[in-house]
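*Asks:* Residue strings, one per chain:
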Amino acid sequence: MSETNPYPFLLLLLLAAGLFAVAPLGAAWLWSKRFSPRKPGQDKNAIYECGLESKGDAWVHFRSEYYLYAIIFLIFDVETVFLLPFAVSFTGLSSGAFIAMVVFLLLLAEGLVWAWQKGVLTWK
Amino acid sequence: MGMAERCADLEMIDEGLRSELSKQGIFTTTLEELYNWGRKNSLWPLGFGLACCAIEMIATSMARYDLARFGAEVFRPSPRQADLMIVAGTVTKKMAPQVVRLYNQMPEPKYVIAMGACAISGGPFKQGYNVLKGIDRYIPVDVHIPGCPPRPEALLHALMTLQQKIEQQSLIGEERPPHLTAEAPSEFPVPQYGEHDLVPSKNSAVWQPPVMTGTGG
Numbered sequence: 001m002s003e004t005n006p007y008p009f010l011l012l013l014l015l016a017a018g019l020f021a022v023a024p025l026g027a028a029w030l031w032s033k034r035f036s037p038r039k040p041g042q043d044k045n046a047i048y049e050c051g052l053e054s055k056g057d058a059w060v061h062f063r064s065e066y067y068l069y070a071i072i073f074l075i076f077d078v079e080t081v082f083l084l085p086f087a088v089s090f091t092g093l094s095s096g097a098f099i100a101m102v103v104f105l106l107l108l109a110e111g112l113v114w115a116w117q118k119g120v121l122t123w124k
Numbered sequence: 125m126g127m128a129e130r131c132a133d134l135e136m137i138d139e140g141l142r143s144e145l146s147k148q149g150i151f152t153t154t155l156e157e158l159y160n161w162g163r164k165n166s167l168w169p170l171g172f173g174l175a176c177c178a179i180e181m182i183a184t185s186m187a188r189y190d191l192a193r194f195g196a197e198v199f200r201p202s203p204r205q206a207d208l209m210i211v212a213g214t215v216t217k218k219m220a221p222q223v224v225r226l227y228n229q230m231p232e233p234k235y236v237i238a239m240g241a242c243a244i245s246g247g248p249f250k251q252g253y254n255v256l257k258g259i260d261r262y263i264p265v266d267v268h269i270p271g272c273p274p275r276p277e278a279l280l281h282a283l284m285t286l287q288q289k290i291e292q293q294s295l296i297g298e299e300r301p302p303h304l305t306a307e308a309p310s311e312f313p314v315p316q317y318g319e320h321d322l323v324p325s326k327n328s329a330v331w332q333p334p335v336m337t338g339t340g341g
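Heads up: the protein sequence lines correspond to chains X and F, in order. Just so you know, the first sequence maps onto residues 1 to 124 in the working numbering. Just so you know, the second sequence maps onto residues 125 to 341 in the working numbering.
If you're looking for bench data, these hints aren't it; they were derived computationally from the structure. Only a predicted model underlies this, so the values are computations on that prediction, with no experimental measurement involved. Glycine is no exception: its CB is placed at the ideal position from the N, C-alpha and C atoms. Fair warning: there could be bad hints in the mix.
Quick list of the computed label-pair ranges, beta carbon to beta carbon [what the hints assert, rightly or not]: (1) X:Phe20 to F:Glu144: 32 to 38 Å; (2) F:Asn254 to X:Gly119: 50 to 56 Å; (3) F:Gly338 to X:Leu30: 51 to 57 Å; (4) X:Gly56 to F:Asn165: 39 to 45 Å; (5) F:Pro313 to X:Lys55: 50 to 56 Å; (6) F:Glu144 to X:Ser54: 56 to 62 Å; (7) X:Ile47 to F:Arg300: 40 to 46 Å; (8) X:Ile47 to F:Pro334: 36 to 42 Å.
Below, a list of computed lysine-lysine pairs in the DSSO-like style, where the Cα atoms sit at most 30 Å apart [unchecked claim]: (9) F:Lys326 to X:Lys44; (10) X:Lys44 to F:Lys257; (11) X:Lys44 to X:Lys33; (12) X:Lys44 to F:Lys147; (13) X:Lys33 to F:Lys217; (14) F:Lys250 to F:Lys147; (15) F:Lys289 to F:Lys147; (16) F:Lys289 to X:Lys55; (17) X:Lys55 to X:Lys39; (18) F:Lys326 to X:Lys55; (19) X:Lys44 to F:Lys218; (20) X:Lys39 to F:Lys289; (21) X:Lys44 to F:Lys217; (22) X:Lys39 to F:Lys217; (23) F:Lys326 to X:Lys39; (24) X:Lys55 to F:Lys217; (25) F:Lys257 to F:Lys218; (26) X:Lys39 to F:Lys147; (27) F:Lys217 to F:Lys326; (28) F:Lys257 to F:Lys217.
Starting from the given sequences, assemble the full structure and let the hints guide the process.
*Replies:* Next comes the structure, spelled out in structure tokens:
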């Protein structure tokens, strides 16, 4: 038995799979071009708001202050997720992994100090 | 018109020959039949209910009555993906503009089943100042189901009736359905809240009040 390259066959399957997905979409598109006239309209093109007329604009501003919550979430939530496996395998870690983890912790600790100084942690 | 001619050619296949061929395992069809077969077996309803009829509609879609047998179990949360509007329940005058707007937002082809006494006529609440006396005053209804509420079997029957209607729609020619006719409207005027009633109180293009033709007492 000679070794055959399995990849052309896989490529063929990939093409068939792609065609299987794209061909019905293409057929539907051609079908609508041939038979169905386009009927855009005021309501049809309007924003869907459960049947009500939408009020105002969807392009509203979000307060940029929310980034503080993102930082504090990283410190108190994501950090905990990494701290647990770090603590479990602490004795078996290489020095490189240890340094990487300490850098990560220090960065977040710096964020905590910064947020504290900004007074974010004070309940108003 | 190559496609149209081919359609006409295929329709000329003799019914006897066709059944003879199908006995031998050769199935012939027309483009039109294939198209309608696909459409009638994948009617996706818009997922909304207005009153108690909606409970029956939900029961229809669940395991006991199993709307999925008809390919119509995919209730869509957006009108953009729906083919079928089941008006299930009392349409108040407050709600009517929203129902019409949702119908307008559905892409074509679109169909409407008015489910229950309220949706077809106002039902037991017909005398109410706030109740619309039938959604067919504003949008074209394909199938009306009486009943208060109609049982799930009645909704299934309405769906099968609609499937028969779709099956008979022709792809070309003068009698082709509205979604294939460029002039047929896709949107219908949304009524406004007036001082005493919805304005206009009906869409004359789709509904005319019944005319009394009796000889009289």
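*Asks:* Evaluate each hint against the coordinates.
*Replies:* Hints, one by one, checked against the model:
| no. | hint | verdict |
| --- | --- | --- |
| 1 | X:Phe20 to F:Glu144: 32 to 38 Å | holds (33 Å) |
| 2 | F:Asn254 to X:Gly119: 50 to 56 Å | holds (54 Å) |
| 3 | F:Gly338 to X:Leu30: 51 to 57 Å | holds (54 Å) |
| 4 | X:Gly56 to F:Asn165: 39 to 45 Å | holds (41 Å) |
| 5 | F:Pro313 to X:Lys55: 50 to 56 Å | violated (21 Å) |
| 6 | F:Glu144 to X:Ser54: 56 to 62 Å | holds (59 Å) |
| 7 | X:Ile47 to F:Arg300: 40 to 46 Å | violated (31 Å) |
| 8 | X:Ile47 to F:Pro334: 36 to 42 Å | holds (38 Å) |
| 9 | F:Lys326 to X:Lys44 | holds (21 Å) |
| 10 | X:Lys44 to F:Lys257 | holds (25 Å) |
| 11 | X:Lys44 to X:Lys33 | holds (19 Å) |
| 12 | X:Lys44 to F:Lys147 | violated (47 Å) |
| 13 | X:Lys33 to F:Lys217 | violated (38 Å) |
| 14 | F:Lys250 to F:Lys147 | violated (54 Å) |
| 15 | F:Lys289 to F:Lys147 | holds (27 Å) |
| 16 | F:Lys289 to X:Lys55 | violated (39 Å) |
| 17 | X:Lys55 to X:Lys39 | holds (24 Å) |
| 18 | F:Lys326 to X:Lys55 | holds (26 Å) |
| 19 | X:Lys44 to F:Lys218 | holds (21 Å) |
| 20 | X:Lys39 to F:Lys289 | holds (22 Å) |
| 21 | X:Lys44 to F:Lys217 | holds (22 Å) |
| 22 | X:Lys39 to F:Lys217 | holds (28 Å) |
| 23 | F:Lys326 to X:Lys39 | holds (23 Å) |
| 24 | X:Lys55 to F:Lys217 | holds (21 Å) |
| 25 | F:Lys257 to F:Lys218 | holds (13 Å) |
| 26 | X:Lys39 to F:Lys147 | violated (43 Å) |
| 27 | F:Lys217 to F:Lys326 | holds (12 Å) |
| 28 | F:Lys257 to F:Lys217 | holds (9 Å) |
Of the numbered hints listed earlier, those contradicted by the structure are 5, 7, 12, 13, 14, 16 and 26.
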